[in-house]
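Asks: The residues making up each chain are set out below.
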Amino acid sequence: MADHDPKDETRERIPAMQSLLENPFLLLFIGVAMPTVFYIIWGIMEVVTIPLAQ
Amino acid sequence: MGNFRLCPDSGLFFDKNAESLMKVNAVAAAVSLLVAGLLALGVALTRWPAVHLLPADQFYMYLTAHGVDALLFWIIFFEIAVLYFASSTLLRCRLAAPRWAWLGFALMVIGAITTNVAIFQGNSSVMMTSYVPMQAAPSFYLGLILFAVGALIGCFVFFGTLVIAKNENTYEGSIPLVTFGAMTAAIIAVFTIASGAIILVPTYLWSIGYIAHIDPSMYRIIWWAMGHSSQQINVVAHVSIWYLVGGLLLGARPMSEKVSRFAFLLYILFLQLASAHHILVDPGISAEWKIFNTSYAMYLAVLASLIHGLTVPGSMEVAQREKGYNRGMFEWLRKAPWGNPTFSSVAISIVIFGFIGGITGVVMGTEQINLIIHNTIYVPAHFHATVAVGTTLTFMGLTYLLIPVLFRRQMILPTLAKWQPYLFGAGMTILILFMMGAGTLGVSRRHWDMDFTGAALSFEYSGMAYTMMGIAGIGAVLAVIAGGAFLLITVGSLLVGKKLDASAGLLQSFGVPLAPEAYNAEPEILPMAAAVEEHGSAGFEAPGTFILAMLLLVSFVVYYFINWKYLSSVWPLS
Numbered sequence: 001m002a003d004h005d006p007k008d009e010t011r012e013r014i015p016a017m018q019s020l021l022e023n024p025f026l027l028l029f030i031g032v033a034m035p036t037v038f039y040i041i042w043g044i045m046e047v048v049t050i051p052l053a054q
Numbered sequence: 001m002g003n004f005r006l007c008p009d010s011g012l013f014f015d016k017n018a019e020s021l022m023k024v025n026a027v028a029a030a031v032s033l034l035v036a037g038l039l040a041l042g043v044a045l046t047r048w049p050a051v052h053l054l055p056a057d058q059f060y061m062y063l064t065a066h067g068v069d070a071l072l073f074w075i076i077f078f079e080i081a082v083l084y085f086a087s088s089t090l091l092r093c094r095l096a097a098p099r100w101a102w103l104g105f106a107l108m109v110i111g112a113i114t115t116n117v118a119i120f121q122g123n124s125s126v127m128m129t130s131y132v133p134m135q136a137a138p139s140f141y142l143g144l145i146l147f148a149v150g151a152l153i154g155c156f157v158f159f160g161t162l163v164i165a166k167n168e169n170t171y172e173g174s175i176p177l178v179t180f181g182a183m184t185a186a187i188i189a190v191f192t193i194a195s196g197a198i199i200l201v202p203t204y205l206w207s208i209g210y211i212a213h214i215d216p217s218m219y220r221i222i223w224w225a226m227g228h229s230s231q232q233i234n235v236v237a238h239v240s241i242w243y244l245v246g247g248l249l250l251g252a253r254p255m256s257e258k259v260s261r262f263a264f265l266l267y268i269l270f271l272q273l274a275s276a277h278h279i280l281v282d283p284g285i286s287a288e289w290k291i292f293n294t295s296y297a298m299y300l301a302v303l304a305s306l307i308h309g310l311t312v313p314g315s316m317e318v319a320q321r322e323k324g325y326n327r328g329m330f331e332w333l334r335k336a337p338w339g340n341p342t343f344s345s346v347a348i349s350i351v352i353f354g355f356i357g358g359i360t361g362v363v364m365g366t367e368q369i370n371l372i373i374h375n376t377i378y379v380p381a382h383f384h385a386t387v388a389v390g391t392t393l394t395f396m397g398l399t400y401l402l403i404p405v406l407f408r409r410q411m412i413l414p415t416l417a418k419w420q421p422y423l424f425g426a427g428m429t430i431l432i433l434f435m436m437g438a439g440t441l442g443v444s445r446r447h448w449d450m451d452f453t454g455a456a457l458s459f460e461y462s463g464m465a466y467t468m469m470g471i472a473g474i475g476a477v478l479a480v481i482a483g484g485a486f487l488l489i490t491v492g493s494l495l496v497g498k499k500l501d502a503s504a505g506l507l508q509s510f511g512v513p514l515a516p517e518a519y520n521a522e523p524e525i526l527p528m529a530a531a532v533e534e535h536g537s538a539g540f541e542a543p544g545t546f547i548l549a550m551l552l553l554v555s556f557v558v559y560y561f562i563n564w565k566y567l568s569s570v571w572p573l574s
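These protein sequence lines map, in sequence, to chains A and B.
Counting with my numbering, you get residues 1 to 54 for the letters of the first sequence.
Counting with my numbering, you get residues 1 to 574 for the letters of the second sequence.
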């Protein structure tokens, strides 16, 4: 049986969503990555795949 | 001697460096607004058919400068001040890297002046959008790039201040909701500025001959990642200020911290994708890209706005009911401080932004019904509801609050100040509604000559379209007068308003710190500021707000279906 640190029981567990909301740099990454992928990169792919006029 | 000053009226603490930077950014914003407002008068009086003031070349020059000064410079200078306030003041923390912040401000000022000079030299009348292959002078693009770099530095000073506050334990638990909202604005700003760099740097190189060709489709997609996202910064900033004003004036706490923060997270994830609605009629772009970015993603951002539209007035209602204004559904609203220009500005902003700006935004973001009004004067009607009333009026309201708090001057002309938000709101609402009507009849935006005089393919608008453009012009004149009143009150207060601190001299109104003795406070949470600096949810006991929210929802649904019905009549299928 693994050792059990009694301090763990008193330490409050932070929910995953709160951890996300309290990490400004992770939010910055997500906030830049989302529109970069779905808007800019996808949009540029749309433009560059337009067939050239013959 | 310390670095913090306590405002005895508001309970807010100001770091000396942050305070000076907030002042200079706010003053630069006011100067930009003055220029934008004067230009607006020229634009409006030209589009008023019976007046038709300016010749064509001047009209396009004025319109370009009005767009850049109103939509970029006024707004972003003010937003940088808001970022410093939301980080340093609300977290009671010293500002990170103040020298970098001053460098950022200097770049923004140089950039704004450079771009304006380029426009007024007359060879850069390319509109704010500066679509290629129209080419402006190189200094037009260079000024915008310098301004963007300066604003980016301001955003990273904000993030650095968050780090300092966390490391120095100046707050407990999570950052306050208003600061979280400002952080959301800063995140969107970073994407906005990066997009601007991606497209404006090559366009600048093209203007000086180092690049031969910029693809117009590519330009439009990437430019709108900057152009529309810059307006999304405004949305997030003014929503954050709504929470701030509710907290400071009424002691309102959010109905639910979790719900409001989740709504801001939706903004971070989805708001910027709404830029795609500018590309809805562009050829060569797939329906999948258009529909995902506008319909699916944008509606999640709209959901966030609907949440804020419920929780901001809802939190005010809960606070008012706690004070005993419990009679009926709306005593809390009747007994609100309508004579306080800060409150009335925010209240009008919420109503016009929600009922007109929000609803028209969804209509414009729907691929099919967008066709009815695409590139008509309905489009500026929409963004005057969101930016001119939603953002600008909110910023005006916050300025009234900050004159005594930040600048330590008593506001002059209080009676005029009391009426100014109503006059501005009324003028803008007339302008917006009648531009919407004219746009629905097909009147084009950005066009000097509504008659298409001498055009090979002429078009005859109905008399109603001309009448509506005339009434819209009257609304614009009223709004410009109200804007002038705002600047008279605020600048006049900074110059001759009664000093609330013995050392609040002329230079102190424009960025110089107060006397050293003023900065002798140790930051702590004071009861007056607790509603915006602490955490806690107020609950959902707000029946009056729920009725108003249902009214908004019904208006939304009815207007949405009216547009589909209208589409079926202008686009018959056999």
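Read the hints as simulated data drawn from the structure, not as lab findings.
Yeah, the Cβ is synthetic: ideal placement off N, Cα and C, and Gly gets one too.
Worth double-checking, as some hints may not be accurate.
[To be verified] Which stretches of chain B does chain A cover? Using the computed rule of at least three CB atoms under 8 Å from a CB of chain A, they are:
(1) 66-73
(2) 120-132
(3) 213-219
(4) 265-277
(5) 374-381
Asks: Confirm or reject each hint.
Replies: Hint check results:
1. 66-73: violated (count 0)
2. 120-132: violated (count 0)
3. 213-219: Holds: 3 residues of the stretch 213-219 of chain B have a Cβ under 8 Å from chain A.
4. 265-277: holds (count 8)
5. 374-381: violated (count 0)
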